[in-house]
Amino acid sequence: MIRVVLPAHLRALAHIDGEVTLDVAEPVTQSSVLDALEDQYPMLAGTIRDRDSGRRRAFVRFFACEQDLSHDGPDEPLPPPVASGDEPYLIVGAMAGG
Amino acid sequence: MGGVRVLVGTRKGAFILTSDDKRIDWHVNGPHFPGWEMYHLKASPADPDRIYASQSSGWFGQVMQRSDDGGASWQPIGNDFAYNGDPGTHQWYDGTLRPWEFTRIWHLEPSPTDPDTVYAGAQDAALFRSTDAGQTWQELAGLRAGALPAGWQPGAGGLCLHTIMLDPQDPQRMFVAISAAGTFRSDDGGQTWRPKNAGLLSDGIPNPDAEVGHCVHHIARHPSRPDVLFMQKHWDVMRSDDAGDSWQEISGNLPTDFGFAIDVHAHEPETLYVVPITSDSHHFVMDGKLRVYRSRTGGNDWQALTEGLPQENCYVNVLRDAMSVDTLDACGIYFGTSGGQVYCSPDSGDTWTAIVRDLPPVLSVEVQTLP
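Protein chains in written order, with numbering that gives the first Met the number 0: chain A, 0 to 97; chain B, 0 to 370.
It should be emphasised that the hints constitute simulated quantities derived from the structure, not laboratory data. Hints should not be assumed to be uniformly reliable.
Claimed, not checked - Taking beta-carbon pairs under 10 Å as the criterion, some of the chain A residues facing chain B (in silico):
1. Ala-7
2. Leu-9
3. Met-42
4. Ala-44
Unchecked claim - Here are a few chain A residues that face chain B, going by a calculated C-beta distance under 10 Å:
5. Glu-18
6. Thr-46
7. Asp-51
8. Gly-53
9. Val-59
10. Leu-89
11. Gly-92
Stated by the list, open to error - Distance condition first, Cα-Cα at most 20 Å in a straight line; then the derived SDA-like pairs of lysine to any residue:
12. Lys-11/B x Gly-92/A
13. Lys-11/B x Arg-10/A
14. Lys-288/B x Gly-338/B
15. Lys-288/B x Ser-337/B
16. Lys-11/B x His-8/A
17. Lys-288/B x Glu-267/B
18. Lys-288/B x Pro-309/B
19. Lys-11/B x Glu-75/A
20. Lys-11/B x Gly-338/B
21. Lys-11/B x Pro-33/B
22. Lys-11/B x Met-94/A
23. Lys-21/B x Asp-346/B
24. Lys-21/B x Gly-34/B
25. Lys-11/B x Pro-6/A
26. Lys-288/B x Thr-352/B
27. Lys-288/B x Pro-268/B
28. Lys-11/B x Ala-7/A
29. Lys-21/B x Gly-338/B
30. Lys-11/B x Ala-93/A
31. Lys-21/B x Ser-347/B
32. Lys-11/B x Ala-95/A
33. Lys-11/B x His-14/A
34. Lys-11/B x Ala-11/A
35. Lys-21/B x Gly-307/B
36. Lys-21/B x Ala-353/B
37. Lys-11/B x Thr-102/B
38. Lys-11/B x Trp-91/B
39. Lys-11/B x Ala-13/A
Just so you know, these numbers come straight off a predicted model, no measurement behind them. We treat Cβ as the ideally placed atom computed from N, Cα and C, and that holds for glycine.
Using the sequences and the hints, build the whole thing.
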């Protein structure tokens with residue numbers, strides 16, 4: 000099971016409390032995780048990545064295992080601790096303000 | 000039930016204000032969608048409990064919501080706004096061509112007769128329609144394909160389609176307005192469009208009387224006279240008596256004719272309301288005084304309405320979709336400000352009270368007169 004942590008606004012939109020768990024077939028990638036997430040919660044489509052291009056929205060970041068994975072390719076394998084469910088995949092709204 | 004329901008969109012959520020027909024005691028419900036920009040909420044005239052809402056965020060983009068119980072509960076609906084075919088390009092500020100790209104929905108206009116049909120005005124400017132209660136959206140692409148000239152470029156406020164007016168008597172006729180472009184009319188249900196800006200004069204564009212390029216801020220009309228239109232342009236208040244074929248200025252004795260909001264009394268088709276704003280470089284009211292101006296003569300002769308409104312140290316703005324009227328016998332006028340106040344006048348503008356004073360900046364105000 001893949002564990003995903005969403006930002007508060009998207010948890011509210013999808014009526015989610017806490018982490019999301021997803022069944023994702025190998026290889027576990029950013030694309031396959033987001034595909035599974037949007038299948039389970041269709042209202043999240045378009046809020047994390049562009050519907051047409053699949054590009055990450057500019058102020059959304061992807062973190063895991065204390066790394067910023069935001070600029071990794073959508074089809075690159077995620078770190079093994081994410082694929083094994085030991086570590087969550089963090090979808091983060093970028094901090095703004097001063 | 001009776002009374003009124005006021006739908007307020009703000010920079011940080013939506014609020015629903017309700018009262019009986021006296022409009023003195025108010026119940027404030029919200030925030031709905033806290034933290035999100037709520038550009039517009041509007042209910043179906045055919046089903047008052049159906050409300051459509053545009054919810055957006057710089058982080059997470061556009062979400063659409065629908066309520067089927069008067070705002071007690073909401074469900075996300077379709078948010079796939081795909082431009083028809085190749086989206087094409089428009090000129091950008093640096094002279095380069097830039098692809099049309101969807102950002103957000105500024106305005107929602109439900110059909111007067113079918114609760115499942117609703118129109119949406121988008122940035123980058125386009126008109127979308129849903130006929131399945133917002134589950135799916137289709138662009139009426141004839142507007143972009145036929146009405147905007149080559150070389151045209153958006154204004155600094157964004158390339159937005161912000162006004163949609165459906166004709167209550169003729170389902171084939173509709174109007175839209177686009178920032179820094181102008182007014183457009185369709186007589187065939189939205190398939191083809193023509194600019195309707197003859198008579199508008201604008202500084203700040205190369206040709207002051209160009210067919211397209213005028214920064215129309217808002218248009219209003221009385222439902223009994225669909226061919227009589229009233230416009231708040233960037234500068235100038237205008238009217239048309241021939242469905243937009245020609246326009247005449249009616250700014251008259253207004254202290255400034257810059258502004259955003261304009262609306263028409265529910266029972267007096269020649270009674271208009273505007274909120275003059277100092278200038279396009281000072282987006283706040285003049286002289287620290289919040290004044291609504293009313294004309295009972297279809298324009299030109301305007302009277303300041305001040306009773307109950309702050310008359311010193313007030314520096315708020317009132318945006319284009321932030322004024323509305325109810326249809327009770329004593330017509331109520333409503334508007335919201337950038338300072339978070341929502342004012343109500345239950346007597347056609349003679350006196351005003353603040354329903355709420357400390358909301359986030361108000362983007363839109365729509366009122367429903369409940370059966």
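Here's how the hints hold up against the structure:
1. Ala-7: holds, 8 Å
2. Leu-9: holds, 6 Å
3. Met-42: holds, 4 Å
4. Ala-44: holds, 7 Å
5. Glu-18: For Glu-18/A, the interface hint is violated, since the closest Cβ of chain B sits about 19 Å away, which is over 10 Å.
6. Thr-46: holds, 4 Å
7. Asp-51: holds, 7 Å
8. Gly-53: violated, 14 Å
9. Val-59: holds, 6 Å
10. Leu-89: Since chain B brings no Cβ nearer than about 14 Å to Leu-89/A, farther than 10 Å, the hint is violated.
11. Gly-92: Result: holds, 5 Å to nearest chain B Cβ.
12. Lys-11/B x Gly-92/A: Distance of about 16 Å is within 20 Å: holds.
13. Lys-11/B x Arg-10/A: holds, 17 Å
14. Lys-288/B x Gly-338/B: holds, 13 Å
15. Lys-288/B x Ser-337/B: holds, 14 Å
16. Lys-11/B x His-8/A: holds, 12 Å
17. Lys-288/B x Glu-267/B: violated, 26 Å
18. Lys-288/B x Pro-309/B: Distance of about 6 Å is within 20 Å: holds.
19. Lys-11/B x Glu-75/A: Measuring from Cα to Cα gives roughly 36 Å; hence the hint is violated.
20. Lys-11/B x Gly-338/B: At roughly 13 Å apart (the allowed maximum being 20 Å), Gly-338/B and Lys-11/B satisfy the hint.
21. Lys-11/B x Pro-33/B: holds, 6 Å
22. Lys-11/B x Met-94/A: holds, 17 Å
23. Lys-21/B x Asp-346/B: This hinted pair holds, its Cα atoms lying about 10 Å apart.
24. Lys-21/B x Gly-34/B: Cα-Cα ~32 Å, so violated.
25. Lys-11/B x Pro-6/A: It holds: about 16 Å lies between the C-alpha atoms, which stays within 20 Å.
26. Lys-288/B x Thr-352/B: The hint holds at about 15 Å.
27. Lys-288/B x Pro-268/B: violated, 27 Å
28. Lys-11/B x Ala-7/A: holds, 14 Å
29. Lys-21/B x Gly-338/B: Not satisfied, since the Cα-Cα distance of roughly 25 Å exceeds 20 Å.
30. Lys-11/B x Ala-93/A: holds, 17 Å
31. Lys-21/B x Ser-347/B: holds, 13 Å
32. Lys-11/B x Ala-95/A: Given pair Lys-11/B, Ala-95/A holds - Cα atoms ~15 Å apart, limit 20 Å.
33. Lys-11/B x His-14/A: This hinted pair holds, its Cα atoms lying about 19 Å apart.
34. Lys-11/B x Ala-11/A: Holds, at roughly 14 Å.
35. Lys-21/B x Gly-307/B: holds, 17 Å
36. Lys-21/B x Ala-353/B: Since the Cα atoms of Lys-21/B and Ala-353/B sit roughly 14 Å apart, the hinted pair holds (cutoff 20 Å).
37. Lys-11/B x Thr-102/B: At roughly 18 Å apart (the allowed maximum being 20 Å), Thr-102/B and Lys-11/B satisfy the hint.
38. Lys-11/B x Trp-91/B: violated, 30 Å
39. Lys-11/B x Ala-13/A: Answer holds: Lys-11/B to Ala-13/A is near 18 Å, not above 20 Å.
In the structure shown, a violation is registered for the earlier hints numbered 5, 8, 10, 17, 19, 24, 27, 29, 38, in ascending order.
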